[in-house]
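K.L.:
Chain by chain, the residues run as shown.
There are 2 protein chains.
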Amino acid sequence: MDKNDMILISVDDHIIEPPDMFRNHLPAKYIADAPRLVHTDDGADVWKFREVTVPNVALNAVAGRPKHEYGLEPEGLDEIRPGCFDVHERIKDMNAGGVLASMNFPSFPGFAARLFATEDPDFSLALVRAYNDWHIDEWCGAYPGRFIPMALPVIWDARACADEVRRCADKGVHSLTFTENPAALGYPSFHDPYWNPLWQALVDTDTVCSVHIGSSGRLSVPAVDSPPDVMITLQPMNIVQAAADLLWSRPVKDYPDLKIALSEGGTGWIPYFLERVDRTFEMHSAWTTQDFGGKVPSDIFREHFLTCFISDPIGVRLRNEIGIDNISWEMDYPHSDSMWPDAPEALHEVLTQEQVPDDEIDKMTHRNAMRWYSFDPFAHIPREQATVGALRAAAAGHDVSIQARSHKVTSAQEKLGAYQSQIKAATAHTAS
Amino acid sequence: MDKNDMILISVDDHIIEPPDMFRNHLPAKYIADAPRLVHTDDGADVWKFREVTVPNVALNAVAGRPKHEYGLEPEGLDEIRPGCFDVHERIKDMNAGGVLASMNFPSFPGFAARLFATEDPDFSLALVRAYNDWHIDEWCGAYPGRFIPMALPVIWDARACADEVRRCADKGVHSLTFTENPAALGYPSFHDPYWNPLWQALVDTDTVCSVHIGSSGRLSVPAVDSPPDVMITLQPMNIVQAAADLLWSRPVKDYPDLKIALSEGGTGWIPYFLERVDRTFEMHSAWTTQDFGGKVPSDIFREHFLTCFISDPIGVRLRNEIGIDNISWEMDYPHSDSMWPDAPEALHEVLTQEQVPDDEIDKMTHRNAMRWYSFDPFAHIPREQATVGALRAAAAGHDVSIQARSHKVTSAQEKLGAYQSQIKAATAHTAS
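Chains as they are written, first to last, in full-length UniProt numbering: chain A, 1 to 432; chain B, 1 to 432.
No wet-lab data here; the hints were simulated from the structure. Treat each hint with caution, since some may be false.
Treat identical chains as interchangeable: a pair holds within one or across any two.
[Stated by the list, open to error] Simulated crosslink set (DSSO-like; lysine-lysine; CA at most 27 Å straight-line): (1) LYS67 / LYS253; (2) LYS295 / LYS253; (3) LYS67 / LYS29; (4) LYS171 / LYS29; (5) LYS295 / LYS67; (6) LYS67 / LYS3.
Small disclaimer: the values here were computed from a predicted structure and weren't measured.
Starting from the given sequences, assemble the full structure and let the hints guide the process.
P.N.:
Structure below.
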């Protein structure tokens, strides 16, 4: 397949929320108490909500920067591409990256929106709903066929969460961002019947439970003085904990239509994982009483789990050991693992090297995403306008760089120091 | 290659320590205070040392049992194969399993012998030395060429540890059992120069730092009510944390001859891991200042790390993406992941299926183990007596089963209850 003929749907990108997002969607009585974006004296933008300050709104939003400017910077909206927070600019960036459609995870509330948990359930619920309405109606609604809409959960209340899933499904949403591990966040685990109303709502509405790496709140850091490369290396594969926890759980047995996406988890390690679960079943099920009704765990995995990759040559090579219907490509804009705007080139090189047939390319680049997320961009956009080549032609002349403010380009030593400080703070917070 | 012509060296098996192990090796003044094996009223054998009771000496020593008897049982030495604790019986079991030679990790002191840490450094060191002398002189010494000797570390004192490495090397030892993560045990991390004397001693003596799964003291359990299958699934791959932490560390840069084994870590996920570290290097080294002198992290991995597998078809298939000189087979006797006594059959089936050439089989089954651990069994045993076929012929008639005491075969429900109780206790202990 020619690179320009590929049709790309990315199942994992990120929004940096704009300051006015609550304005049109939160009841007036709550507006004064809503999270607000504050520009600090040192040039950062931070969200403040009650006693919490989300330290760096633009963390890791490095799309368009040269690599020596990567790090915990940038810190302000004026240092990142407007495509991070402005949907019209986002579409231009998607076009420049050759991407037809994209699913966007939240940033400042956390993947499971735990920031919105307060002592006032009505207020908290209003925040979740406002976010979802903004995301569905304003962000995704502005460009039909260009976004897979996604809802925030009500992580502190399974029944309210189920209701919100149903409410959003009525608005066309088939994806819920959730956590890799509710127990790590202080809520009942996946094994607790507490979550049954949620599983029921998900299967009733064909909604995928999308669990993103890093959503457990537990850091993948062996030691506080481990170099940042260690955490960057470990983050994707760390989702194996959620994969195992869910695969051996009761929900996948009791809800045969339950669908789970392992967002940004990578694919190359999955064949080993599937061998491991089948062997565990063979060696131990006699005493652990696991029973999948005559199936083995790898069968169950392929019925329930979508895997996602950015650039993962070994996963592409082993696509049929994973399950060709269980793999979706993603771009991870605007984070540092993304290869935007050259993602099509990077992907095409791997597909060519591994001699992937066209129908398998189509599954991994867009058809699996469409089926898992009940999403049909072609109802809005003709196929011939949806290709990498066509989208890029529409974006001709769009500038894909971003200028750092000169006073914010710190030395590598300062960047490392900032990283270690944040890890120490996060570790102290976790331990307390 | 015919199955019977394979020569098998297992780089990961386990000793269940016998009660009299300290008798010949601990100074008389310490004998009364040494750990002692106590037979409890309910039929278990437990090691007691000061305020600590190691709850189940025979935990997971299920070799020879039918699978429905797996679980946290057995609990007593009279319920396990004598080959677990009697070297003469061990040799018979190795012969029956077609295994020429074996490296044996400790059990009750913990992989890093942290149990022996006391307020009296002389006493603690005496315990480590006594264990090592027993292991080297009595256990391994009884059958030259049949065991790769291994030393316990002095985990609480890097300089004393270095001295012990040198002392044991003088006795022919080239393997040190260590921890995946000293920071998790409360000691300085791999990134602290504190350990420099140890790294120097290891490279001076060609001693491999063998880190076994589970040796960090951190459990691979997402939630306290996760089924046991989750922990069993996650344990091997969890060593990725140690692999990443060490690969990005200063020791592998400062000590080019440092050798590390990822014992029981499996192999199938390694190709993904190597892609991930190279990509992390490509995307982030400009700000993280990692520098491997013109090499990439996967090069460094192959210079420093030995990977180990029990049964891992995808790893065998990807052996050249891992590094054919970086893979050793292991049997894991007497634990529940072992396929003893049928391990040769299981291994041969995979090797045949993947059409592995003879010279690559030899590397994975014994030549890599010999080179990494500076071990030459053929100085003692002629090659023609070392094959699976020859060893099994010598073991003809050896009974490979074990009878559970009838009152100890509990129901699956009781086994699961016992598992959950131990996890809850361990979690509470970790949190405190």
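K.L.:
Compare the structure with each hint and give your call.
P.N.:
Okay, the hints, checked on the actual structure:
Taking CA atoms no more than 27 Å apart as the test, LYS67 paired with LYS253 passes between copies only; the shortest distance there is 23 Å, against 45 Å inside one copy. For a Cα distance limit of 27 Å, the shortest separation of LYS295 from LYS253 inside one copy, 11 Å, qualifies, whereas the shortest one across copies, 47 Å, does not. Taking CA atoms no more than 27 Å apart as the test, LYS67 paired with LYS29 passes in neither setting, with 45 Å inside one copy and 63 Å between copies. Taking the shortest Cα distances, LYS171 and LYS29 sit within 27 Å of each other inside one copy (25 Å), while across copies they are farther apart (78 Å).
Taking the shortest alpha-carbon separations for LYS295 and LYS67, only the inter-copy value of 19 Å comes in at or below 27 Å, while the best intra-copy value is 47 Å. For the identical chains of this complex, LYS67 and LYS3 are intra-copy neighbours only, at 25 Å inside a copy versus 52 Å across copies, given an alpha-carbon limit of 27 Å.
This entry does not satisfy hint 3, going by the numbered hints stated previously; all others are met.
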